[in-house]
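Using the hints, position chain B with the ligands against chain A.
Line by line, the protein sequences are chains A and B. Taking this note's numbering as reference, the numbering of the first sequence is continuous, increasing by one, and the terminal residue is 346. Taking this note's numbering as reference, the numbering of the second sequence is continuous, increasing by one, and the terminal residue is 1281.
Read the hints as simulated data drawn from the structure, not as lab findings. Only a predicted model underlies this, so the values are computations on that prediction, with no experimental measurement involved. Glycine included, every Cβ here is placed at the ideal spot set by N, Cα and C. One should not assume that every hint holds.
Taking beta-carbon pairs under 7 Å as the criterion, some of the chain B residues facing chain A (in silico) [what the hints assert, rightly or not]:
#	residue
1	PRO1004
2	ARG1078
3	PRO1106
4	TRP1107
5	GLU1206
6	CYS1252
7	PRO1278
Straight-line distance between alpha carbons at most 25 Å, and here's what the computed DMTMM-like set of lysine to aspartate or glutamate pairs gives [to be verified]:
#	chain 1	residue 1	chain 2	residue 2
8	B	LYS1028	B	GLU1242
9	B	LYS1081	A	GLU218
10	B	LYS1090	B	ASP1147
11	A	LYS267	B	ASP1033
12	B	LYS1039	A	ASP21
13	A	LYS295	B	GLU1242
14	B	LYS1264	A	GLU66
15	A	LYS223	B	GLU1259
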Amino acid sequence: MRILQIQKTDWSAGLEKSRQDYRLIGPVKEGNNVSKFRELAAGEEPDFSISTTTMSPKSVVFPQSEVMFTFTTDSASPDCNIMKVPESSYSPRAIIGIRPFDAAAMNIVKMNFDTPDYRDPYWCDAYEACTFIGLAVTDPESCDFSTSTGTGPFDISGLDVLLIDAGEYFLVEVVTEKGSTWVRSAGFNKEADAESIEVLHSMRKEAKKKIVSTVAFENINKKETLDLYNESYWDSISFPCLNCGTCTYVCPTCWCFDIQDESDRKKGRRMKNWDSCMFPNFTIHTTGHNPRNTKLMRVRQRFMHKLKYHQSKYDKGILCVGCGRCVTSCPVNIDIREVCKQMNNS
Amino acid sequence: MINPYLPYPVRIDDIIVESEDRSLKTFKFVFLDPKDEEKFSYRAGQFAEISIAGVGEIPIGIASSPVEKGFIAFTINRAGKVTSHLHNMKVGDILGVRGPLGKSYPWDTMKGKNLLFIGGGFAFTTLRSSVVYLLHPDNREKYGTIDVVYGSRSPGMLLYLDELKEWEARDDINMHITVDRTDDPNWKYNIGFVPPIAEEKAPKSEGNTYAIVCGPPIMIKFTLPVLEKLGYDHDHIILSLENRMKCGIGVCGRCGIGEQLVCKDGPVFTLAEVNNTPKEF
Ligand SMILES: Cc1cc2nc3c(=O)[nH]c(=O)nc-3n(C[C@H](O)[C@H](O)[C@H](O)COP(=O)(O)OP(=O)(O)OC[C@H]3O[C@@H](n4cnc5c(N)ncnc54)[C@H](O)[C@@H]3O)c2cc1C
Ligand code: SF4
Ligand code: SF4
Ligand code: FES
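Next up, chain A with everything else stripped away, as it sits in the complex:
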């Protein structure tokens, strides 16, 4: 793998140069202490001081609200009541400073949106337009448990380029062809010397060591679905939950959505909107019957999906990369690591 070195004094100019070929998206702080990924305005730089953004970067390929189709209900129009795919541009975009676990989450979510039977064009087209320029985690947050979910602070599995902040300079692992195209576009071309590569290895080791929080889930895979489902601990786990849905909204691996039509007089659009299994409306039938009519059932659904159903369906680990966002954001401190432990050990 090619490893480059970028002097920090050269960073801004390179970034700016790559704008000729890419839209840039990166982490920014917004009001109310909320940080997230969004398109960077001209001259604006990604904020690398943010460790884990409040909102995951899933919105880059899966916006909270997205137009699927437009339509008119004007009977004078020949296209009356016919859905039209809106003009959208999927020009190349570089996601600067995505954390390795968040990029790994993209690979997991891809299994849902890009299947042998159906391909969600909104998600897939946006995903394919992205070049993921990751930023290694050198100072992990306390509830980061990414090393035990199959990713980690320097994981390149979801990335095209990995940047490592080595103080005066960035070390740059160029992972894919896409990554090398971006690096060229930015004009970064100084190969790293042997000494810096040593630095990279030791930083990687250091970062991994700093992550002390872990989960184990192998036993969950061996247990019967209905045995786990009928465990008595769901009562105490779900008791404090407010069903606010925050955990699912901040999560990089939660993908559930709703489809809703909106219209203004005769013009309208069909929208794809984030939804959450934590909401009673998610499953209620027209008859009023709700197959998940209690908080316990909804909380159980979230954890069973993440830790059991996904494992047994794909045999590729859990539907969680260990970013810790749901743990940090939950107003009543429900902790997926604790739930995982109960499911795995009891």
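Below, chain B with the ligands alone, put in the same frame as chain A:
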């Protein structure tokens, strides 16, 4: 690239009021582009999303049969927003259909076997599609005996009454039509709930009969023990489940029961499969 959310435009070609209380109507749709009809190649038991611009989309079982060409049909109960809107639409109006979606009844597995259909209320739509398919000269001899137990509240609530009577007159299908009650002195069929009529009339299984059951939850609840008594194994009892749906293609996560998605892995499941999954439907 195909956009799996994009409905095919269709025109309402005919509307048939199916029930005396007018809560059930059959809508016949014709594809605006005949090529779309070819793409919409389906098997009995599958469903589609019916899409009305500005109102929404709803999953509905396909009531027409693969052997019927030139149109597709759906029988729709007026229930909420989209279904009520549809009930007020007219012949000639344009809407959309997305599909076919989900798995059909297991026609290949059932080849050479006897078939028992048990239906209740308006959940007879995909059973109608099945029977019309089976009675077609190309298909009839590929399957064994066919028995149909179908019941409804009253004679006026039975779907497809003319067809039911036609089937009654045939000798290659055994019909057991029933109503909960009636004061019609000319009613020549059964009176009673579906489960006891099934117990009395349905064939026993010697391992070579499949039972396909569609109906309201209460009917299914009382029918399953009857089928067990008649010797049907759980992997020979076939159900069609309903859950709230949106995408219909296994992507939006809404309709899950355990690791199965009702829209994509179903809606057709064997009882054996359903027994192994949380009953979240
Ligand atoms: C596989 C399948 C086959 C079906 N076949 C038929 C049929 O042949 N005939 C028939 O009349 N009905 C059928 N239904 C039920 C039908 O889909 C609902 O009655 C319908 O969605 C209600 O929509 P609404 O807008 O009128 O009600 P509202 O309550 O206003 O619905 C709002 C939205 O909720 C969703 N929704 C609510 N309840 C259900 C439900 N029970 N199932 C699925 N989605 C729901 C829909 O997305 C709908 O757009 C079927 C359902 C499924 C899952
Ligand atoms: S964030 Fe916490 S309280 Fe809110 S729905 Fe999730 S688990 Fe429940
Ligand atoms: S479940 Fe929690 S820790 Fe796991 S990926 Fe989602 S937000 Fe991160
Ligand atoms: S309806 Fe979307 S997954 Fe089944």
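We went through each hint and held it up to the structure:
1. PRO1004: Holds - the Cβ of PRO1004 of chain B comes within 7 Å of chain A, reaching about 5 Å at its closest.
2. ARG1078: Because about 10 Å separates ARG1078 of chain B from the closest Cβ in chain A, which is outside the 7 Å limit, the hint is violated.
3. PRO1106: Violated: closest Cβ of chain A sits about 18 Å from PRO1106 of chain B, beyond 7 Å.
4. TRP1107: violated, 19 Å
5. GLU1206: With a minimum Cβ separation of about 30 Å from chain A (threshold 7 Å), the hint on GLU1206 of chain B is violated.
6. CYS1252: holds, 5 Å
7. PRO1278: holds, 5 Å
8. B:LYS1028 - B:GLU1242: holds, 22 Å
9. B:LYS1081 - A:GLU218: Since the Cα atoms of LYS1081 of chain B and GLU218 of chain A sit roughly 45 Å apart, the hinted pair is violated (cutoff 25 Å).
10. B:LYS1090 - B:ASP1147: It is violated: about 36 Å lies between the C-alpha atoms, which goes past 25 Å.
11. A:LYS267 - B:ASP1033: Status holds; Cα separation ~24 Å.
12. B:LYS1039 - A:ASP21: It is violated: about 39 Å lies between the C-alpha atoms, which goes past 25 Å.
13. A:LYS295 - B:GLU1242: holds, 21 Å
14. B:LYS1264 - A:GLU66: Answer holds: LYS1264 of chain B to GLU66 of chain A is near 23 Å, not above 25 Å.
15. A:LYS223 - B:GLU1259: holds, 14 Å
The structure fails hints 2, 3, 4, 5, 9, 10 and 12 (numbered hints given earlier, in ascending order).
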